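Asker: Chains as they are written, first to last, in this note's numbering: chain A, 1 to 434; chain B, 435 to 868.
These aren't lab readings, by the way, just hints derived from the structure by calculation. Bear in mind the structure is a predicted one, so any value in this text is a computation, not a measurement. Glycine is no exception: its CB is placed at the ideal position from the N, C-alpha and C atoms. A couple of the hints might just be wrong.
[Said to hold, decoys possible] Reference listing, derived: stretches of chain B covered by chain A, where coverage requires no fewer than 3 residues with Cβ under 8 angstroms from a Cβ of chain A: (1) 506-517; (2) 673-687; (3) 713-722; (4) 739-747; (5) 762-775; (6) 826-833.
Protein chains: 2
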Amino acid sequence: MPRIWIKNGIFLTPDKSNPVLHGHMIVDNDKIVYLNEEPPESAITAGITDIVDGTHRLYMPGLVNTHGHAAMSLLRGVGDDLALHVWLEEKIWPNEAKFTSTDVRYGTLLSIVEMLKSGTTAFVDMYDHMEQVALAVEQSGMRGCLTRGVIGLCSPEEQDSKLKEAIRFAKDWHGKANGRITTMMSPHAPYTCPPDYIIRIVEAAHELNLPLHTHMSETAREVAENERMYGMRPVAHLEKLGVFGRPCLVAHSVHLNNEEIGILAKHDVRVSHNPGSNLKLASGIAPVIKLLQAGVKVSLGTDGSASNNNLDMFEEMRLAALLHKGISGDPTAVPAFDAFMMATKVGAESIWLENTGALQVGMKADFIALDIDQPHYYPKSNYLSHVVYSSNAKDVTDVWIDGKRIVQNGICLTLDEEKIKAEFSRCYTNLMSH
Amino acid sequence: MPRIWIKNGIFLTPDKSNPVLHGHMIVDNDKIVYLNEEPPESAITAGITDIVDGTHRLYMPGLVNTHGHAAMSLLRGVGDDLALHVWLEEKIWPNEAKFTSTDVRYGTLLSIVEMLKSGTTAFVDMYDHMEQVALAVEQSGMRGCLTRGVIGLCSPEEQDSKLKEAIRFAKDWHGKANGRITTMMSPHAPYTCPPDYIIRIVEAAHELNLPLHTHMSETAREVAENERMYGMRPVAHLEKLGVFGRPCLVAHSVHLNNEEIGILAKHDVRVSHNPGSNLKLASGIAPVIKLLQAGVKVSLGTDGSASNNNLDMFEEMRLAALLHKGISGDPTAVPAFDAFMMATKVGAESIWLENTGALQVGMKADFIALDIDQPHYYPKSNYLSHVVYSSNAKDVTDVWIDGKRIVQNGICLTLDEEKIKAEFSRCYTNLMSH
Chain A
1 MPRIWIKNGI FLTPDKSNPV LHGHMIVDND KIVYLNEEPP ESAITAGITD
51 IVDGTHRLYM PGLVNTHGHA AMSLLRGVGD DLALHVWLEE KIWPNEAKFT
101 STDVRYGTLL SIVEMLKSGT TAFVDMYDHM EQVALAVEQS GMRGCLTRGV
151 IGLCSPEEQD SKLKEAIRFA KDWHGKANGR ITTMMSPHAP YTCPPDYIIR
201 IVEAAHELNL PLHTHMSETA REVAENERMY GMRPVAHLEK LGVFGRPCLV
251 AHSVHLNNEE IGILAKHDVR VSHNPGSNLK LASGIAPVIK LLQAGVKVSL
301 GTDGSASNNN LDMFEEMRLA ALLHKGISGD PTAVPAFDAF MMATKVGAES
351 IWLENTGALQ VGMKADFIAL DIDQPHYYPK SNYLSHVVYS SNAKDVTDVW
401 IDGKRIVQNG ICLTLDEEKI KAEFSRCYTN LMSH
Chain B
435 MPRIWIKNGI FLTPDKSNPV LHGHMIVDND KIVYLNEEPP ESAITAGITD
485 IVDGTHRLYM PGLVNTHGHA AMSLLRGVGD DLALHVWLEE KIWPNEAKFT
535 STDVRYGTLL SIVEMLKSGT TAFVDMYDHM EQVALAVEQS GMRGCLTRGV
585 IGLCSPEEQD SKLKEAIRFA KDWHGKANGR ITTMMSPHAP YTCPPDYIIR
635 IVEAAHELNL PLHTHMSETA REVAENERMY GMRPVAHLEK LGVFGRPCLV
685 AHSVHLNNEE IGILAKHDVR VSHNPGSNLK LASGIAPVIK LLQAGVKVSL
735 GTDGSASNNN LDMFEEMRLA ALLHKGISGD PTAVPAFDAF MMATKVGAES
785 IWLENTGALQ VGMKADFIAL DIDQPHYYPK SNYLSHVVYS SNAKDVTDVW
835 IDGKRIVQNG ICLTLDEEKI KAEFSRCYTN LMSH
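Could you build the full structure based on these sequences and the hints that come with them?
Answerer: Structural data, given as structure tokens:
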């Protein structure tokens, strides 16, 4: 059982009035057991297996990416600067239709290496061939909240088969990999699933006692289309279909009116804000200030790297902190501390990981180290601000998940990066050749 | 005279239809003399002093930061998430008033290290104690377009003395450091300089045959105030005072109407777009799409790191590409190529460096190398897109300016980073202690 002592480090804690702690942290197995300015007494340091010099390092919780499609790394840069329907219809869907389970395996593994090295310790993934995603998560040591996203625009037989597959995956993998994998049920979106199909997915989630995850109100066009087809906007539509009767995480939520924000707050629906993807696809900017004022839990997601185009959660954290100031005209909107929490503790809570996402005694030891001996971390003063407004994904040197070192000095210990890049390139070449 | 052969690299060129070139580049002294897919013939490689293996590297022009105040790194994180007037009046101005020339020296040197290591090869600096800035630029090997920003809200004697100082600086340093330093004249802003003082600065610029640089229309409040005081908006005001009768670079330009955009286009006024700083201070978002449509040269700047909070031009380039899509609803707005040009060639042109900012035969050898053997540069396909949408300032491994290697494997060869950080910290402690 590892017992790690991080000596003389700087730690970002969820204490709003005093978030920067200079001191010591001890991890016992998968938990933080000590965090204090004072050095630990000898009784506490007994049995230490690993002493880490914290000088020139800042420690913070691992970042939690609450919406994405990891395998879409295979389509990074394949279609940029295009109108959304051209992007989807000509670049994304035809290529995704060709994805084999091997493609999903290596697309996901490449993304996991990217995420781990840039400080993300837990992520949501909604895709197809989810068995491959789960195996990749298991092997990587990362934490994953996984779900087979089902699109119901198909024959009843295909609908049945997809739903069965989603249920089987959710059942088989929930709680696996020492509890690092949890699962959800996912109608892909209100515009890709007929209402009766959504109702069946909700029923399955009730039976499995699992949360739901879906895309919602990403574009104005989608909202208008929902009104045309069902006589109501997506939020009322999903509420009516019972989606919010279960624990629920919705991605995007760009186009919401005040009434809809009230509905989300009432049902404690969690929102994954994806600023980078929403800007790049020109979908708009989610009303985050209003969501926060209404008490909705807002976390951050990158979305897939076909629409982002990276999985850099530091960038999403900074975008969240900057964007809503700029468009509201209020420089006090989404202050650094709030953005930090959205990217860490609130992210974990949004995927029902109640004991993860914060450096606090009793919490899971999912944390990262940043190299702060660099010009952009000077003056040595407001480190919370520096992390949110000035840091860089590549400042991450080390990553621990469940108390295990997963990245050391920028090298991923659990996965063979060179092999993954080679296999990924093979998959890409294949994909583009037919 | 160095003669460098970059072998088997990937090069980003300003050729819109085919920006990614796989091949070879040769630099002779300070110029690019060869760039081609084919390996150079032996006549061209004669006298090569330095062969660089370009495998796993992408080469692009160095980034050009067209607006900033380097010494303000001393105030990074000192005031965040505050209303603009609180930020200025309580956090920035009282501290700036205490700045000594030593503070400016080390604040600037720290920023230069940050800029060089993140791939910026030329920058605009408007500040006080400019002699220190020029000395730092000279020592660093960087390119600087420097100007003493004068605020005229003072006695006539003080106005005279500041103007004399600005003229002396501009005259003494223009063309120095092997031509790497150029100078401008700068009324700080229309709201900090009375009209007659601006007229005198313009006259001096005419006499010195130098361009002008100023802050303009950064906030809605400033525009309203200008109307109240002078009966017209800042653009008409500056036009009337003759500012646009000289080559002119204006920073921010957030609040512009169509008529004003027409005036800027008519006079070929260059705009430094500062998206990060404008968002953080909640100033708003400049009408970049309209400016580009009107044919205005729009380049990118970080502004000072007290309001950004870093000097990462990759971030500004990405913000420029993302932001205007998101707010216009047009995913084809500011495509990757345009953002790349804004950060490089257009940046150089905006500060009247006509032979800098592009990888092309005959251009100055100001270029940088990125490590592309990383997950976020896969698939190995659309490298222009990857650089704009997926890259990271710390992907920069090497920097050449005027054909001289300034950064090698992430280490700045011309400046002593450790000494600068130590002296900078001393300055900061001093500054905060009284």
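Asker: Test coverage of the stretch 762-775 of chain B by chain A using CB-CB distances below 8 angstroms; three residues minimum.
Answerer: Satisfied; 8 residues make the cut.
Asker: How about the stretch 713-722 of chain B: do at least three of its residues have a C-beta closer than 8 angstroms to a C-beta of chain A?
Answerer: With 7 residues closer than 8 angstroms to chain A, the stretch 713-722 of chain B meets the three-residue bar; holds.
Asker: Please count how many residues of the stretch 826-833 of chain B have a CB within 8 angstroms of a CB from chain A and say whether that reaches 3.
Answerer: holds (count 4)
Asker: Quick check: the stretch 739-747 of chain B, covered by chain A? Criterion 3+ residues, Cβ under 8 angstroms.
Answerer: As far as the stretch 739-747 of chain B goes, the hint holds, because 6 residues have Cβ atoms under 8 angstroms from chain A.
Asker: Test coverage of the stretch 673-687 of chain B by chain A using CB-CB distances below 8 angstroms; three residues minimum.
Answerer: n = 0 at 8 angstroms, threshold three: violated.
Asker: Do three or more residues of the stretch 506-517 of chain B come closer than 8 angstroms to chain A, measuring C-beta to C-beta?
Answerer: holds (count 9)
The earlier numbered hint that this structure contradicts is number 2, and it is the only one.
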